[in-house]
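Number of protein chains: 2
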Amino acid sequence: MAKFMDVHHGMKGITAEQLSAAHRADLAVEAKEKVHFERAWADPQSGTVYCLSEAPSAEAVKKVHAMAGHPVEEVHPVPLTI
Amino acid sequence: MAKFMDVHHGMKGITAEQLSAAHRADLAVEAKEKVHFERAWADPQSGTVYCLSEAPSAEAVKKVHAMAGHPVEEVHPVPLTI
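Chains as they are written, first to last, in the numbering used here: chain A, 76 to 157; chain B, 76 to 157.
These are computed hints drawn from the structure, not numbers from a lab. Note that CB positions come from ideal geometry on N, CA and C, so glycine has one too. Mixed in with the good hints there might be a few duds.
[To be verified] Facing chain A, a subset of chain B residues (Cβ under 8 Å, in silico):
{"hint": "1", "residue": "H83"}
{"hint": "2", "residue": "H84"}
{"hint": "3", "residue": "S121"}
{"hint": "4", "residue": "T123"}
{"hint": "5", "residue": "V147"}
Isolated chain A (complex conformation) (with noise of 0.2 Å):
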């Protein structure tokens, strides 16, 4: 297992019940990719979304933002954290 940030673009005007809501969408089926998303932050302005996961794979981590409705392209591994 690893730590992963994502990042998706296009979501301006983000409320945060809609990031609640995607949050909770991703919970609902993560276990079914051994992930598990643990934080996000949302710039509603620029339409920026962060989402801090530990996962198996980045792979892992989209099949569950996609299953999730919410698919990304942009999956960081991040192995140094402070």
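Got chain A sorted already, so can you dock chain B onto it with the hints?
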């Protein structure tokens, strides 16, 4: 005060020690701008570093990173967090 996520590029090959030293450099000067750097995540392969901070403005985040020797252009306010 608000939360900010900033993103550094071009840090390919960054080591745990270098990330830690950079973070310590931020902590040493952040009080001047009333900023606090809370977390950082690095992907040595793509050379991307994400820093999460609490700060009065994006400008203050930029000033601290510049003073610490690693200026950044990309700073996003992230008012929504999970």
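Hint check: 8 Å Cβ-Cβ cutoff, H83 of chain B to chain A = violated (12 Å)
task = Closer than 8 Å between Cβ atoms is the bar; does S121 of chain B clear it against chain A? Give me holds or violated.
result = At about 6 Å, which falls below the 8 Å cut-off, the nearest Cβ of chain A leaves the hint on S121 of chain B intact, so it holds.
message = For the restraint on T123 of chain B, tell me whether the closest CB of chain A is nearer than 8 Å.
response = Since the shortest Cβ distance to chain A is 6 Å, the answer is holds.
message = Restraint: H84 of chain B near chain A, CB-CB cut 8 Å. Satisfied or not?
response = violated (11 Å)
query = If you take the shortest Cβ to Cβ gap from V147 of chain B to chain A, is it below 8 Å?
reply = Hint violated; V147 of chain B Cβ to chain A Cβ min 15 Å, cut 8 Å.
This entry does not satisfy hints 1, 2 and 5, going by the numbered hints stated previously.
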